[in-house]
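Trainee: For any residue, its number in my numbering is found by taking its place in the sequence shown, counting from 1, and adding 360.
Hints are computed from structural coordinates only; laboratory data are not their basis.
Computed from a predicted model, the values in this text were never measured in an experiment.
Ideal placement from N, C-alpha and C gives every residue a C-beta, glycine not left out.
One or more hints might be untrue.
Distance ranges between label pairs, derived from CB positions [said to hold, decoys possible]:
1) 518 with 424: 47 to 57 Å
2) 408 with 602: 37 to 47 Å
3) 465 with 611: 38 to 48 Å
4) 509 with 404: 49 to 59 Å
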Amino acid sequence: MAHDTPPMKAPSLYAALLLFPLLNGGYWRGVARWGSGFGILYLHVMLLIVWVPLTVQGLRLLDRVEHEYAPKVLADFPEIIIHGGRARVRGVEEPWVMVDPQTDLPFLVVDTTGEVTSLKGRTESALLTKTELIVTHLDPLPTQVIPLTVVDAFFLNRALLEELLDEMSGFVRWAFFPMAFTLSISYRAGFWAGFGLFAYLYSRRGGAEGLSWGACGRFGALALTPIMAVDTVFTLAHWTPPLWELVSFGAGGALTAWAVRQSLPRSP
């Protein structure tokens, strides 16, 4: 007769979020038997928690771009007018070069005088001439040459760019968290399904009766806990170790297998 009597209480969501019970066999047995709906709720709550610090970091980066980076880049941005397939530039001497203030490397050159006609031997990634836009350094794509005849009429200056940046910034501040949360659910669902399927098959090895689909799905959700926690730390630190996706999938699979072994009936 089996002697692994399950715990007589429902699994604790709060304990799981703090990682405390993940090596507690009794907790996993509780998840398998009493955790109906627990996996979906847990995964959503975990992702909500994870994306709070990541959203704060992302919005701080947006602030730096808007208030430090962009003003330096746009400081002397010229007026660019395209009409009838030809470009005109006002407000600067040509050739005019836009430089990345963080790296001090030029990335755009504008010249409608004919002095600069190609990017060969230059470090910039884009060149606007009187009649075409040339974009390079798009590996593995080849250099793109876009004739200005495809543009009916176009006008751009610093004020318009600042207005566009302000509108985009407002949208990102409002939409960043819900979009990131929704996309991360889709991304993590692949891991969840993979771990859940592995748990289902692993529990039936050797022809055993195994665990239910629901229990295995809950195991898959909880197996993501350490992965998401460590992944969040790496993201905040702007560093990811080599082969992290492979390592994380292996660690989640190992935790899932351990949980299955703890939850199956044991022989006396």
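Trainee: Hints broken by the structure, by number, lowest first?
Mentor: Hints 1, 2 not satisfied by this model.
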